[in-house]
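A.B. asks: In order, the protein sequence lines correspond to chains A and B. To convert, note that position 79 of the first sequence is 79 in this note's numbering; the numbers rise steadily by one, no gaps. Whatever position you read off the second sequence (first residue = 1), add 1000 for this note's numbering.
In short, the hints are calculated from the structure, not lab data. Heads up, some of the hints might be wrong.
Unchecked claim - Pairs of lysine to any residue, SDA-like flavour, derived with a Cα cap of 25 Å:
{"hint": "1", "chain 1": "A", "residue 1": "Lys330", "chain 2": "B", "residue 2": "Asp1257"}
{"hint": "2", "chain 1": "B", "residue 1": "Lys1188", "chain 2": "A", "residue 2": "Glu270"}
{"hint": "3", "chain 1": "B", "residue 1": "Lys1188", "chain 2": "A", "residue 2": "Gly138"}
{"hint": "4", "chain 1": "A", "residue 1": "Lys938", "chain 2": "B", "residue 2": "Ala1095"}
{"hint": "5", "chain 1": "A", "residue 1": "Lys740", "chain 2": "A", "residue 2": "Leu179"}
{"hint": "6", "chain 1": "A", "residue 1": "Lys649", "chain 2": "B", "residue 2": "His1156"}
{"hint": "7", "chain 1": "A", "residue 1": "Lys122", "chain 2": "A", "residue 2": "Lys136"}
{"hint": "8", "chain 1": "A", "residue 1": "Lys83", "chain 2": "A", "residue 2": "Ala43"}
{"hint": "9", "chain 1": "A", "residue 1": "Lys744", "chain 2": "A", "residue 2": "Leu179"}
{"hint": "10", "chain 1": "B", "residue 1": "Lys1220", "chain 2": "A", "residue 2": "Lys744"}
{"hint": "11", "chain 1": "A", "residue 1": "Lys83", "chain 2": "B", "residue 2": "Ala1045"}
{"hint": "12", "chain 1": "A", "residue 1": "Lys913", "chain 2": "B", "residue 2": "Asp1257"}
{"hint": "13", "chain 1": "B", "residue 1": "Lys1220", "chain 2": "B", "residue 2": "Pro1278"}
{"hint": "14", "chain 1": "B", "residue 1": "Lys1188", "chain 2": "A", "residue 2": "Gln494"}
{"hint": "15", "chain 1": "B", "residue 1": "Lys1220", "chain 2": "A", "residue 2": "Glu270"}
{"hint": "16", "chain 1": "A", "residue 1": "Lys62", "chain 2": "A", "residue 2": "Ala47"}
{"hint": "17", "chain 1": "A", "residue 1": "Lys937", "chain 2": "B", "residue 2": "Arg1237"}
{"hint": "18", "chain 1": "B", "residue 1": "Lys1098", "chain 2": "A", "residue 2": "Glu270"}
{"hint": "19", "chain 1": "A", "residue 1": "Lys115", "chain 2": "A", "residue 2": "Pro19"}
{"hint": "20", "chain 1": "B", "residue 1": "Lys1188", "chain 2": "A", "residue 2": "His805"}
{"hint": "21", "chain 1": "A", "residue 1": "Lys88", "chain 2": "B", "residue 2": "Ala1095"}
Now for the letters of each chain:
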Amino acid sequence: MLKSPLLLTLLSLSAHAEPVNFSLEVLPVLSDNCLSCHGQDEAHRKADLRLDTEDGAREVLKSGDFIARITTDDPDEIMPPPKSHKPKLGAEQIATLKRWIAEGAKWGRHWSFEKPVKLPVKGHPVDFFVKERLTKEGLTPSPKAAEHTLRRRLSFDLTGLPPDPSDRSDLTDLIDKLLKSPHYGERMAMWWLDAARYSDTDGFQSDATRTNWPWRDYVVESFNANKPFDQFTLEQFAGDLLPNATPEQKIATCFHRNHMTNGEGGREKEESRIDYVIDRVNTMGTVWMGLTLGCTQCHSHKFDPVSQHDYYSLNAFFNSIDEDGAAGTKATPYFSYQSPHAKRAVAEAQKLVDQRKPVEAKAKIDAEKPFAKWLADQQTKVKGGFQAWHVVNGSVESQEGTKLAQDKDGIVIASGPNPKQDDYRLIAPVKLPRIAGLKLEVLPQNGVLSRGKSGEFILTDIKVQVRRKGSTQIRDIAVRNAVSDTKVEGKVRQYGDIKGTLDDDPRNGWTTKGYPKDQPHTALYELAEPLVLESDEELIFELLHRSTDGDANIASFRLFATDQRGPAVRELGPAPLEQLATGKIERDRLFAQFLEDHAPYQVAKASLDRASADLKEFTAAAGKLNVMVLAERKQPRDTHLLVRGVWDKKGDVVQRDVPAAIAPWPQGVARDRLGLAKWITSKDNPLTARVFVNHVWQMFFGAGLVRTPDDFGLQGQRPTHPELLDWLAVDFMESGWDVKHLIKTIVTSETYRQSSDLTDPSDPTNLLLSRGPRFRLPAWMIRDAALASSGLLNPALGGPPVRPHQPEGVWEEIFMGRFTYEPSQGVAQHRRTLYAFWRRSIAPTFLFDSAQRRVCEVAMTRTNTPLQALTLLNDETMMEASRALAKRMLAAKAEERLQLLYQAVLTRSPTEKEQSVLQRELDRALAHYRTHPEDAKKLQTTPELAAHTLVASLVLNLDEAITHE
Amino acid sequence: MSESSLHTTRRYFLGQCTDVSVGAMALQAMGQRESSGLPGLPHLAPKAKRVIFLTQSGGPSQLELFDHKPGLMQWAGKELPESVRQGQRLTTMTANQKQLILPGITKFSRCGQSGATISEWLPHLQGVADDVCFIKSMTTDQINHAPAMTKFLTGHQLPGRPSMGSWISYGLGSLNQNLPDYLVLISKMQRPSDQPLYDHYWGSGFLPSRYQGVKLRNSKDPVLYLTDPEGLPRHLRRGMLDGLAELNQMRFEQTQDPEITTRIRQYEMAYRMQASVPELTDLGDEPDHVFEMYGPDSRRAGSYAANCILARRLAERGVRFIQLFHPDWDHHSRLPSWCTARCRDTDQPSAALIKDLKQRGLLEDTLVIWGGEFGRGVAGQGKWDSPEAGRDHHPRCFTMWMAGGGVKPGMTYGATDDFSYNVAENPVHVHDLHATVMHQLGIDHERFTFRSQGLDFRLTGVEPAKVVKDVLV
């Protein structure tokens, strides 16, 4: 991210003996300091001088005062000028420019726009260049890393999973084995999905769910099949245009539909459509060419040879897709597709339902016996009569001045001032063992229900709260549902439906308009959970009258509470026990009420319900799905240059074309997306292979040979090993864009196999590759590793997305309840992170430092924060993995347990010192849980299991466990 | 991490200190390095140390709340003259409807010595008018919520840039070792909001992710993953972290990787946050009169009013950037019931926050900002003369207010035309607001840049932005 002073120094030092290298030494100085005002962007060019072309520079140098202008102390003369906020050039930079001029001011091109050259090498190409450089700098490579470290390194790099501790094959075989593993494709896909801004939802306001995951499986399969990268590119750009395109080739084009789509009401669709076209071009620029094309949306690039005209010429390739900018379920074009991978998910879910169904059925049968006893008890209890509902008596008050009084029957009557809107409150201790629901009666007063002119009331909202005497705070009590004795038809945002009183929205609410206004009306409110009031707690029931027109305050009401659950609070009319009291045995209603309170049954039912919901979801996913793809419209659209990048400020019409400064258009190729893909992967294109090689290098070394993987332009960093980058790039192309070949070349080098210890301080960021790669694993790999080493991992490939554990309420908070998150059940819970449902507006919470998948991201961020520590300590998946590891430990002999744990997580045995620390913590935990079995019980474990779980969690949190060493 | 401090750490670990926890020692040994901001910052003497940004999401109506236009009565129901509209874009919700004028439906009063015009719907704000600086000439260039809010908070309409809070915590660093620098509080609402509050609103964009806003949630886990599982008592967690630190330290001895030392420190910070955050979010120790000041809703955890009290507590503890979000100001219909509902939620607590900060001497170096992503249009949406009418989005002008932090109290700045449609004098673009906020914190917005993808980015973008000096003390 930051330019390393070391690199710059090294580069300039090493170059001193030779003539100045224009591309690596001079151009960067000009680019950083001059080109924003003297570059190709005409609009911002000052004094009509330019330093981005040879002719322009010759002219500037001819004037003779170039060096004077950069060295003077006169604030009016000095370049760059003070108002640019750029510092004066350093002595080193000035010296370089002077030498360059003295040597004849030889012009050249930026390094990445020159075609790469494959220099002859001796021995392993990677080591040849790396060692040459190290020797030059007087450094020596690090020794080879320990065997188990290398196994881990290779296994994480090639499959994203820790090694199988029992695998004893030698390293060469291991590499082949890992590259053949189906998990290789998953590992590569996770990277590609970040670059492709893949998500399971649209993003923006509606953030609707899409079903593009077959594209994700296409990516996994393509990597596993080692599809040549040029072919992979071609299919994703233009699979639909290939002759006899297969369904998978059509789905491949979803790459360019993975952008966000905006379905916000009031949004111009055309504006959105243009945004999508722009996003495709920018993504293409970043992922394939390492160019910041986005800059040229509004103006010609200040630094790189891409004009605004070039930019919109590139847009033209994507501007005639048969789309109209719509989102949600109208985001055509679609390809209807049935995934072969969904069957497995359905089968897994079906198995779970089949397991849980008999459990639920048995729980119901088991409930019969206690029900019979309960019924007998109730029959005795209700002999003398039974009342489900009890009048709530307490104090009454209003917000705006209405006078409220409660009579001896509990009827509250309003009188006195009649404000346009008012809130009534009834505050009362309720002497019931619990409150399951409330009944509100609205009663006529003087023949009408309200104090308003119309005689009709509008109750906009109700609130149920609890306050402890002497406490300053109030807690809200959630209400699950409401029913009333009135029915309404019509839209939600109108007054009528009783459910409108539950959402704190004054634009809807309950009215009985249309019914006789001299008759009482009743509503029932069912609480989400039965409420138990402490002796010093009071119930607060609030009635809000805040309708748009107002003047509709209730004239009189009465409130009741009940401790009865089930039908009593869901259906108007007599409660089951009231019927029982009159001698009427409604068995089904009574049983329903009983089951409501019968915990063993409720647990079994909830578990079955969740499995059934998963099954339903996967069954739908196994049918025909709409996958968003590219397809050309019949009549191509004109593409305009957009003035300052604004969607409706149309400038000149432009034709499909590519920036000639990068590479010429291949001969005899049609100007369509197929042609564009061929241009990108043509051997004349100096960028694509280099950029790809750099991505892969970054994956394995934690940083690229070019440390700005998203910027190979003039403002990006220069490669640390330009000849190596070029060698690998050319070799990659010569191999037929063989990705596995490239990877094998890298990981078989000694450079890759060095120890990553930081014993030599002379190269702190490892720019010179004097040691092996060392960096914290990406969060997704940490999760996958925990699942794998604990034995929980479900290794299945492909299929519909799943929902791993995340804290409750995260989606609900963002969308105020519009989306809820139910963790997947059974083996679906333990799938690789690649398959985790990705909601664009809130990425999975357990992934830190992750790409956000809103726009394309190829750079890695790695921070080290307390929030990450909390995640790894307390995430439910980490806890489950710890528990599973603990169970495995307990199944082994006592003296082998810590050994087993270390082998499973770190692929090595603990040292004696480590063993003693672990044993100490284990003993401490054991001592606690044995003396406090209630704590173990809270963790739903035995004391032994709880203690071992804690130690397993400790080991999963070790730096070594989460680091690519 | 310098070599010497690493060795100090090692000495501590090798010593036989059994009475103090290992991790805590490591922390002391390593000092408070993360507290510092960037070298060279602040650029100038700061007037404010921290910001409380009361973000009102959805676009509050300036016509009902602040921008009093009595002259509009004679235009009621008439079509908006094209000379005023000047081709202003509308959302597709009202693009096909006649632009019939709906005069502001509330009564206004001139308040305080300054005589600021404030609506009857904001009676409590009327009471603190002389502490507040109103900017009536705010303007933006985005007409839909997500792009406008993104621009309002990150300076650019597309997601991916750092939010103002991230920029500021990145630049200025921390004042508190036990809490993140940038905290976000969202009002708990019962109704699904039409405008979700995306986490990119407080995202760190291309800045390191430790500068992103941390959301304090109204749940048993105020910060995600904060709470240890039930059945894991504090002393066992302590022991486990000591064991972890010890083993990590052994690894450090072997590998010399300074990231490991940082990690030990971060696990310690996590442990301390487990204590400091619940203490902070539990308002139980606030006296009754505080709740009376902030209004009845403040007794309900998660409400905007409770969050205002929390904001003051965060300010007291030195959190740099505190951002509240109150959703649901998008009043396309039924202004009389809908807009008043949001006023009721926010009026008393917002005013109380100013009073409270003032009483505690915190207002002078705390900049309080109130406002949303845009304003609302003068034309009625729906039937203009029915109570059902609302207003569509309007980017060309809207009102915001600021208080404290070196902003002139009792001032009204800028003005709109007779239709509250165009800015008539002293326009303040959202970028100007950003420049001004940064200026108050001692940052020159032009010199505060971050290089990403080859470009030097700043919060205020590429077009020139100005500090609104006229509103500053």
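A.B. asks: Taking the hints in turn, state whether each one holds.
C.D. replies: Results for each hint:
The hinted pair formed by lysine 330 of chain A and aspartate 1257 of chain B fails the criterion: a straight-line CA distance of about 52 Å is larger than 25 Å. Straight-line distance between C-alpha atoms of lysine 1188 of chain B and glutamate 270 of chain A comes to about 35 Å, which puts the hinted pair past the 25 Å bound. This hinted pair does not check out: lysine 1188 of chain B and glycine 138 of chain A have alpha carbons roughly 62 Å apart, beyond 25 Å. As the CA atoms of lysine 938 of chain A and alanine 1095 of chain B are separated by approximately 59 Å, the hinted pair breaks the 25 Å bound.
Pair hint lysine 740 of chain A plus leucine 179 of chain A holds up; C-alpha atoms about 7 Å apart against a cutoff of 25 Å. A C-alpha spacing of about 19 Å is found between lysine 649 of chain A and histidine 1156 of chain B, which places the hinted pair at or below 25 Å, so the restraint holds. Pair hint lysine 122 of chain A plus lysine 136 of chain A holds up; C-alpha atoms about 17 Å apart against a cutoff of 25 Å. With a C-alpha separation of about 18 Å, the suggested pair lysine 83 of chain A and alanine 43 of chain A falls inside the 25 Å cut-off, and the hint holds.
Restraint check: the Cα-Cα separation between lysine 744 of chain A and leucine 179 of chain A comes to about 9 Å, which is no more than 25 Å; the hinted pair holds. As the CA atoms of lysine 1220 of chain B and lysine 744 of chain A are separated by approximately 49 Å, the hinted pair breaks the 25 Å bound. As the CA atoms of lysine 83 of chain A and alanine 1045 of chain B are separated by approximately 21 Å, the hinted pair is consistent with the 25 Å bound. About 20 Å separates the Cα atoms of lysine 913 of chain A and aspartate 1257 of chain B, which keeps this hinted pair within 25 Å; it holds.
Distance check on the hinted pair: lysine 1220 of chain B and proline 1278 of chain B sit about 9 Å apart at the alpha-carbon level, within 25 Å; holds. With a CA separation close to 24 Å, the supplied pair lysine 1188 of chain B and glutamine 494 of chain A stays within the 25 Å bound. Proximity of lysine 1220 of chain B to glutamate 270 of chain A is assessed by CA-CA distance (about 44 Å); at most 25 Å being required, the pair is judged violated. A threshold of 25 Å between alpha carbons decides the hint, and for lysine 62 of chain A with alanine 47 of chain A the separation of about 15 Å falls inside it, so the pair holds.
Restraint check for lysine 937 of chain A and arginine 1237 of chain B: the C-alpha separation of about 17 Å stays at or below 25 Å, so the hint holds. Proposed proximity of lysine 1098 of chain B and glutamate 270 of chain A is supported: the alpha carbons are some 22 Å apart, at most 25 Å. Restraint check for lysine 115 of chain A and proline 19 of chain A: the C-alpha separation of about 21 Å stays at or below 25 Å, so the hint holds. For the proposed pair lysine 1188 of chain B and histidine 805 of chain A, the alpha carbon gap of about 23 Å is at most 25 Å, so the pair holds.
For the hint linking lysine 88 of chain A to alanine 1095 of chain B, the alpha-carbon distance of about 53 Å lies beyond 25 Å, and the restraint is violated.
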